[in-house]
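Chains as they are written, first to last, in the numbering used here: chain A, 1 to 264; chain B, 1 to 375.
The set of hints was computed from the structure by calculation and includes no laboratory data. All C-beta atoms, glycine included, are put in the ideal place defined by N, C-alpha and C. It cannot be assumed that every hint is accurate.
Listed next, the stretches of chain B that the computed footprint assigns to chain A, with coverage defined by at least 3 CB atoms under 8 Å from CB atoms of chain A [to be verified]:
no., segment
1, 259–265
2, 285–299
3, 318–325
The chain contents come next:
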Amino acid sequence: MLAVYRRHTVIVRSGDPAEIAKELTGEDLERVAYVQVLNVQADLRPLTLWGDAIPVDLVVQHPETDLPLLYQCSQLLARHPVRITVPVVSGFSKVVKLAASLNFTVKLNVSQPEGSQIVEMSQVLEAYLHQPMVSQPIEYFHSMFLAFYRSEPLTLWAVQEEDPAYFRYIADDGIETISGRFAGAKVGHDIAHFPDRFKKELVAERGECSRCELFENCFGYFKWPKREYRCDGVKSLFQLLKDAAHQLKNDLDTFQSGRIEERS
Amino acid sequence: MNGGQFSLILLPTLACNADCDYCFENKSGCTLHLDQLPSMIHKVMDHMEVNQIEELCIYWQGGEVMTLPPEWFEQAHDIIREISAVREKRIFNYLQSNMITYSEKWNRVLSEMFGNSVGSSMDFPNLYRKLKGGYGPREYERIWTRNIMEAMNAGIHVGVIAIANEQTFDLGAEHFYSHFVDELGIRDFQINTPFPGGPVNDVKKGFPVEADRLSQFLMDLADVWMRRGFQRDVRVGPFDSLMDYFVHGNKNLLCIWRENCASDFVCIDPMGNVAQCDCWVTSYPEFRYGRIFHQGSLSDLLMKSEVRRSFQQRPGRLMQKEDCIECNYLHLCHGGCPVRTYAFYGDLFRKDPYCKLYKQLFQKIETMAMNHLRN
């Protein structure tokens, strides 16, 4: 399959680290954005002696049972930058906490979080914003925080690597789609413009999104797959990020103007 | 293993000239023969080769290392240098000695092999460190003090590990600090927590020492160090390394607070027994990984050892079994020291018995660091 995408930068996913180490060598490595290991229970030792500083994304499938395995994953950090991707399901915040403690970057794999998941997400966000033990990015919080801080346009689709203008997901049957959560779904022929089309449809529906001040960042990300999903929880998280970014900006502006006054 | 570095605690002898009450080692007179050293070092370097590791740190401990003559170390140094040159590996040597038999004849090897530095141990007051032959703590302390003074006068850096006892608490932190820094001129010392490893005796039955008093002593000592030593480059462990973490983010903490010590180092005794550290190899034979002279390769020995797998699994198991995952200082401690845990509970899969003390200490130093940054 690598040969088919010879002109593209690729993300290679596999459940077998030994296969990655064996198959990805030489020139192929130069166009690897990162490798994604779909099973943290797998023997990761082949990757500790393979390549040099190739980003590795380890996907946690079951937070409860995978939690203790993060310790053995930390061996990889000596050789590669490593990210832990965690599904937002019950108990995921423990994995995030341990991953942050072990100096991994983290990506939250989030779809349409409900009550207790929102509570856990706000605990993680609180830790990301205020706990000194978190010294590595936790996505999507980190990129969104920076976008708010810098007043730059950014959509959640891009942060979550689901903007089809830049990312495509090749399913096991070879069919291209937007991301894992779209596998098997009908997204139309023009995949690249799916988020724009989806956004327009949501606006036309005159539902929750049409009145949402965060829509330009979200682009309806949380309205897939169920459009009737209520966004109150995720909006409160966005608001916390936005407030924190503005507060930091204000603090730094105040600090800078204080220094200028001191000099004059 | 630890990126580009392999750490080996090497015990060239289990002979000892001291008879300290809280020693955890089952001592024997056993000594590593120099003709066995090349085979051991080659196996270590084979392991480094397999794991693409470039640097070897050897921590020479005993027993008491200075029961061997300095000439033994000079020859050992030559052997290791020769092998490392051929195999293109870098070696760093560190020495831990009680300094009881130190004399100026050690200066050359201390300079050439150990970078003019030695780690030693002494308490204040000294109640439990004794010499063999019935000489008590006072005589031990007299000889030790004379020898470390002589070493320091010869330009040798002496670091000291101290263990607090009940009388240390009575004397207080200010007196303790003054003794080491002002009276002895020690500018680098570390406080360790005691544990009842090895054969039981009356002193070990008193462990853990009264936790609240130990905690108060450490908090007070941290204040004294901050006031009197921090700005003057006096290093008091573990305060200095914690301060470095909270101020600069550098994580160079004691072995008891590593993510997983089983990933960071191993220990080999004179018979070639391989275990997690000196405490394990000497006190708990059932926890040895294997014997380096008897097995084809160190890599195989480590990979196949079920005991080592237990050590590797310990921090992960603690995340499920204990409350470590809820702790604000998880990133600094990871459940603490396995040998302290086992010595107290007889169970590897529990958190460190000094958990509460560690948390108080982390909180104290974090607050001190914040105050320092604000000022």
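Flag every earlier hint the structure violates by its number, smallest first. Per hint list: single violation, 2.
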